[in-house]
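Protein sequence lines correspond, in order, to chains A and B. Residues in the first sequence are numbered consecutively from 0, following numbering that gives the first Met the number 0. Residues in the second sequence are numbered consecutively from 0, following numbering that gives the first Met the number 0.
If you're looking for bench data, these hints aren't it; they were derived computationally from the structure. Misleading hints may appear alongside valid ones.
Same chains, same label: a pair holds when it works inside one copy or across any pair of copies.
Only pairs whose alpha carbons sit at most 20 Å apart, straight line, appear in this in silico EDC-like list of lysine to aspartate or glutamate [said to hold, decoys possible]:
(1) Lys198 to Glu396
(2) Lys444 to Asp460
(3) Lys370 to Asp86
(4) Lys1 to Asp471
(5) Lys1 to Asp50
(6) Lys8 to Asp107
(7) Lys5 to Asp472
(8) Lys235 to Asp24
(9) Lys461 to Asp472
Here is what each chain is made of, one letter per residue.
2 protein chains.
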Amino acid sequence: MKRVRKLIKHIISRVNVNLLPMGLDVEQALNSTLLGNKMATDYAYYALSIDHPIYFRFRESNLGGSYFLGKCDVDRSIIIRSDIRGDELKAAGTEVTFGKVTTELYRDEIIQVVNSFLYKTLVHNHSRNPESPELFRIQNTVSMHYANIHGTTLEGAYLGAFATADLSVMHNCIVGDYSYIQAGDLSKICIDSGRIWIKVENKYEFDYRYPQAILEKYISWDQEGELTGLFADFLKGRRSDFLPVYDSLAETFPVWVPDNAFVSRYAVIKGDCVIGENCLVAQRAYIENSELGKGSNAQENSFIVDSRFAGFVVVAHGGKLVFSNIGEKVFIGFNSFLHGTEENQVNVGSGSIVMPHTIIHASEPIDIPEKTIVWGYITKQSDLINQSMSLADFSKEKDFNIGRMSFSGDAAAFIRDFQNRVEHILVDNGARYDGKQERRGHAQKTQYVSYNLFQPYLGGDKQGMFPTIVVDDS
Amino acid sequence: MKRVRKLIKHIISRVNVNLLPMGLDVEQALNSTLLGNKMATDYAYYALSIDHPIYFRFRESNLGGSYFLGKCDVDRSIIIRSDIRGDELKAAGTEVTFGKVTTELYRDEIIQVVNSFLYKTLVHNHSRNPESPELFRIQNTVSMHYANIHGTTLEGAYLGAFATADLSVMHNCIVGDYSYIQAGDLSKICIDSGRIWIKVENKYEFDYRYPQAILEKYISWDQEGELTGLFADFLKGRRSDFLPVYDSLAETFPVWVPDNAFVSRYAVIKGDCVIGENCLVAQRAYIENSELGKGSNAQENSFIVDSRFAGFVVVAHGGKLVFSNIGEKVFIGFNSFLHGTEENQVNVGSGSIVMPHTIIHASEPIDIPEKTIVWGYITKQSDLINQSMSLADFSKEKDFNIGRMSFSGDAAAFIRDFQNRVEHILVDNGARYDGKQERRGHAQKTQYVSYNLFQPYLGGDKQGMFPTIVVDDS
């Protein structure tokens with residue numbers, strides 16, 4: 000493990016170059032998270048698909064349990080049980096527009112992870128960095144348990160547990176646990192835990208802050224630096240179910256899957272489940288006793304238990320639903336937690352938007368009407384008064400505060416952008432597939448994918464390190 | 000499969016450049032063998048070991064079901080269910096002596112397979128090519144079912160089924176089915192099926208030829224170019240047993256394995272088996288209801304069924320034993336077939352040498368005394384008269400014929416060389432390990448090995464092709 004220890008020191012030193020001036024020393028976070036991980040034995044894998052250009056280069060890294068798709072270059076990094084999905088990388092020649100400038104990619108975009116530590120983190124693409132659209136870069140960065148990196152270039156960043164960095168650019172930033180940030184080009188800022196912040200310059204800004212005492216029930220850290228709280232408990236009970244999936248190369252599913260739908264071999268399907276047409280169930284999604292109506296998506300790290308979806312429901316990365324009944328075309332944002340019980344179910348009406356990082360933990364039955372936007376922390380029906388609005392009412396507003404949320408700018412544009420994004424996700428994932436080639440999405444495209452396992456050295460100085468590996472489709 | 004079809008045409012054209020002038024068109028052999036193979040779905044794998052320098056480069060090839068270890072470069076080739084084992088590649092700086100010339104390797108030796116088709120073929124190293132000791136090359140070559148390539152550079156060669164090319168150099172050569180050739184530098188020759196030919200220039204020559212009518216019972220080809228005969232039947236009945244082994248990544252064995260022994264995860268162990276200390280059971284070895292005494296080896300593609308080995312027995316690649324009782328330090332040569340029954344067992348005394356490609360198919364109990372050399376085709380005790388001798392008697396001879404075998408030169412040196420080689424194999428494989436680091440062999444070294452699966456494209460033009468992949472330990 001000598002080389003692994005050297006690598007850990009290297010990453011700490013590089014991240015601290017950026018973050019010590021911000022007042023954060025990542026050494027403790029990184030060491031306590033690595034403690035007890037099976038870095039030396041876990042295998043990683045990459046997917047070979049006929050629909051995505053392939054290029055992988057892994058150097059001087061540990062990749063235990065991680066998954067890669069598309070074009071990825073990993074150098075001197077530790078990426079544990081993460082998903083790095085390059086299926087939305089832009090191809091050479093694609094025109095991109097940032098503000099008033101349109102430019103063309105001179106080569107295929109690639110995800111590059113350098114001097115970084117990612118733990119159970121999802122990296123998705125859709126980069127918004129105008130400076131180098133060919134390179135989606137994560138450098139000198141530490142990202143903790145179940146963080147989401149989505150279209151966000153990170154240079155010198157710390158993302159807390161369950162934090163989401165969405166469609167942004169971050170340089171020397173600290174993002175607290177369970178914060179959701181989609182706020183453009185950010186530099187040298189420190190974001191409190193539990194802040195939901197969406198800002199588009201000169202257009203609108205949404206800002207909600209969780210009460211810290213509430214948040215601690217869901218996410219906290221013990222003396223040893225171990226993640227605790229209700230989210231960790233929720234995951235702990237279900238983690239072992241993933242093991243048999245990873246240990247076999249089974250080609251069959253415990254559920255009938257329509258031809259035009261996709262269920263990853265690395266998803267868990269338990270109990271009585273129904274998978275509708277054009278559905279997409281990503282790897283590390285967990286579906287138990289649930290019904291997914293036509294065109295619904297269960298993205299990576301989502302958990303859908305004892306729930307029923309009408310069609311075209313999108314559960315973004317890390318969304319968790321228990322005893323929830325979701326109407327048509329509802330968006331369940333990143334890391335949202337909708338937790339009902341058999342008696343106290345959560346019902347969400349059609350066309351609604353559940354904002355990223357929303358917690359609905361029902362102590363009584365909760366009914367959210369159709370076409371509603373909902374955010375924040377809800378345990379009973381009356382909580383909706385200050386934490387939801389009809390889309391129509393919301394769209395009429397300009398600058399307003401309600402409960403712990405403040406909004407400024409064009410609310411109608413905010414809602415429209417969300418709706419467009421949801422439709423865009425549905426199209427991309429193949430929910431609108433009608434048999435025509437050009438309407439194929441991920442659900443249809445990823446049919447021809449093979450998985451390639453690779454393992455670290457099992458002994459000696461290099462124990463835990465992966466060899467240098469380069470794969471391309473030339 | 001468009002790219003695969005193009006590749007097949009390419010290989011045929013390149014091999015025919017060498018062999019059409021010799022009167023052989025490989026097109027039919029290659030096409031009929033490929034028919035019905037699961038080229039498009041079978042995954043291949045490479046081993047990552049801490050004891051062997053690693054380098055893999057696979058380009059424009061199909062590698063279905065094959066295994067690679069060490070340093071291998073495969074270019075525009077089809078290698079199906081083959082084992083390419085580079086664990087005996089020489090390191091940079093190694094001195095090698097060919098005749099009177101000693102030279103030093105200026106870089107690590109590498110196995111290179113170019114424009115070739117290898118089918119269920121074992122490639123082992125120990126190269127004897129003085130011209131380029133850094134490169135163990137197989138070019139423009141077709142090798143058929145269960146052939147062995149051992150230390151033999153091949154440029155423009157056809158190896159028939161169960162043929163062995165051992166410690167030679169071959170340029171534009173055709174080697175018939177079940178021939179064993181160890182005869183130095185060969186060019187433009189055509190070797191009949193069933194010839195066992197060992198020649199060391201200015202030293203000795205052993206030459207045995209199977210009666211063709213006998214051989215056809217064991218190996219023949221039907222109208223469709225399908226391999227038939229008793230060898231194919233023998234394998235067919237046992238082939239399916241390998242499937243579950245390849246389909247799982249199980250870390251446990253159905254038998255107790257001493258710490259200093261090695262049983263490959265890709266070997267089959269069935270029924271009641273005993274594995275002694277320092278034993279080596281290679282991948283694709285098949286052991287059933289058998290006992291392997293201390294230091295014994297079961298090499299790749301060997302089958303050991305209802306048999307008992309005293310210590311230090313070496314079963315070379317492709318050796319098959321049924322109801323055979325083998326004394327201490329017996330060598331069972333490549334592709335030998337010792338087939339007894341419960342009533343008619345085959346007993347081989349200690350210190351004996353069963354020559355490569357020997358068939359002992361017992362119709363009555365067969366007893367071979369200790370320190371005997373045996374060759375050819377034996378079904379009853381009296382067949383031994385013309386097809387065996389005591390090592391002592393053999394060593395006294397110079398030029399002689401006995402039965403279908405002719406020998407010339409120094410018989411004592413011939414026996415001595417064989418015995419030295421067997422001891423060398425035992426040492427290399429770790430049979431003599433006594434706890435001291437410098438006495439470790441393959442059985443002890445290969446403890447820390449991880450297996451990496453990789454798969455071909457599953458659809459489109461590239462279906463069946465593997466991506467370009469480069470792996471090294473830099």
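Taking the hints in turn, this is what the structure says about them:
For the identical chains of this complex, lysine 198 and glutamate 396 are intra-copy neighbours only, at 16 Å inside a copy versus 95 Å across copies, given an alpha-carbon limit of 20 Å. With identical chains, the CA atoms of lysine 444 and aspartate 460 are at most 20 Å apart between copies only, with a shortest distance of 15 Å across copies and 41 Å within one. In this assembly of identical chains, the alpha carbons of lysine 370 and aspartate 86 never lie at most 20 Å apart, being 31 Å within a copy and 66 Å across copies at closest. Taking the closest pair of Cα atoms, lysine 1 and aspartate 471 come within 20 Å of each other only across two copies (19 Å); inside a single copy the shortest separation is 30 Å, beyond that limit.
With identical chains, the CA atoms of lysine 1 and aspartate 50 are at most 20 Å apart between copies only, with a shortest distance of 16 Å across copies and 39 Å within one. In the homo-oligomer, the alpha carbons of lysine 8 and aspartate 107 never lie at most 20 Å apart, since the shortest distance is 32 Å inside one protomer and 32 Å across protomers. Proximity of lysine 5 to aspartate 472 under the C-alpha cut-off of 20 Å is restricted to the inter-copy arrangement: shortest distance 16 Å between copies versus 33 Å within a copy. Taking the shortest Cα distances, lysine 235 and aspartate 24 never come within 20 Å of each other, neither inside one copy (28 Å) nor across copies (63 Å).
For the identical chains of this complex, lysine 461 and aspartate 472 are inter-copy neighbours only, at 9 Å across copies versus 28 Å inside a copy, given an alpha-carbon limit of 20 Å.
Comparing the model with each numbered hint stated earlier shows that hints 3, 6 and 8 do not hold.
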